[in-house]
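Following the hints, position chain B against chain A.
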Amino acid sequence: QSVLTQPPSVSGAPGQRVTISCTGSSSNIGARHDVHWYQHLPGTAPKLLIYANTNRPSGVPDRFSGSKSGTSASLAITGLQAEDEADYYCQSYDSSLFAYVFGTGTKVTVL
Amino acid sequence: QITLKESGPTLVKPTQTLTLTCTFSGFSLSTTGVSVGWIRQPPGKALEWLALIYWDDDKRYSPSLKTRLTITKDTSKNQVVLTMTNMDPVDTATYYCAHRVETPDPFDIWGQGTMVTVSS
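Chains A and B, in that order, are what the protein sequence lines are.
So for the first sequence, my numbering puts the first residue at 349; every next one is plus one.
So for the second sequence, my numbering puts the first residue at 616; every next one is plus one.
What the hints contain is simulated information worked out from the structure, not anything from laboratory work.
Note that the structure is predicted; figures quoted are calculated from it, not measured.
All residues carry an ideal CB built from backbone N, CA and C; glycine is no exception.
Wrong hints could be hidden among the right ones.
Computed from the model, here is a short list of chain B residues facing chain A with C-beta under 7 Å [said to hold, decoys possible]:
1. Ser-677
2. Pro-678
3. Leu-680
4. Trp-725
5. Gln-727
Listed next, the in silico SDA-like pairs over lysine to any residue satisfying Cα-Cα at most 25 Å (straight line) [what the hints assert, rightly or not]:
6. Lys-395(A) <-> Gly-659(B)
7. Lys-455(A) <-> Glu-433(A)
8. Lys-395(A) <-> Val-649(B)
9. Lys-660(B) <-> Ser-373(A)
10. Lys-395(A) <-> Ala-661(B)
11. Lys-395(A) <-> Ile-617(B)
12. Lys-455(A) <-> Ser-350(A)
13. Lys-660(B) <-> Pro-356(A)
14. Lys-455(A) <-> Ala-661(B)
15. Lys-620(B) <-> Pro-658(B)
16. Lys-660(B) <-> Gly-360(A)
17. Lys-674(B) <-> Gly-407(A)
18. Lys-681(B) <-> Ser-375(A)
19. Lys-692(B) <-> Gly-623(B)
20. Lys-620(B) <-> Gly-407(A)
21. Lys-660(B) <-> Gly-363(A)
22. Lys-395(A) <-> Pro-657(B)
23. Lys-660(B) <-> Ser-406(A)
24. Lys-674(B) <-> Thr-709(B)
25. Lys-395(A) <-> Pro-719(B)
26. Lys-395(A) <-> Gly-623(B)
27. Lys-620(B) <-> Ala-434(A)
28. Lys-620(B) <-> Asp-435(A)
29. Lys-395(A) <-> Lys-628(B)
30. Lys-395(A) <-> Val-696(B)
31. Lys-395(A) <-> Ser-643(B)
32. Lys-660(B) <-> Val-456(A)
33. Lys-660(B) <-> Asp-410(A)
34. Lys-620(B) <-> Val-408(A)
Looking at chain A on its own, in the form it has when it is part of the complex (with noise of 0.2 Å):
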């Protein structure tokens, strides 16, 4: 029961951007609470991917963007690469459920 809502599956050639939506709420990322992103490779533990709507922790590559507009946000890929292969999940918090919240998940696919 996401309150998050993001496309279950996008793919690309090698090379190409790809974007992943975060749609949300006037209660979450609508009343201006930050957006993150992370990178689940199953198996692993989560990495940091954006943080506060559009920063890069060190060590993550340009090629990875956040945009926030409205009650959405946004993730870019450019440059697709085999290892971006992974899920994707943004997160915020919601001040009417008093709770952070992480959208529904994202899987890229290579092609």
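Coordinates of chain B only, in the frame set by chain A:
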């Protein structure tokens, strides 16, 4: 270097209480602004936030699980413990603990996770 590691039983029976321990290094949970959270992921499903404990011992719980969860910390041992009562097969999941700071507030470092199966 911050590291976290989850430990606990791999199998619990329905109605039992689950106790998970997060042992961390590289930071102190007595430092202002620091917190540790628990997040889980059922097989094939999305991540779900469970609980958070702050440096000042303030605590937050998922509203849907609040009555079943308790989070505590032992600063001297660098450990955070999560207990979940009345376990059910739907609670079968990989449970993660993660480090967080207040501003900004992502879960920036995660443990590898521990898989818990609920079955009789």
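Structure versus earlier hints - violations, ascending order
Result: hints 3, 17, 21, 23, 29 and 33 break, sorted rising.
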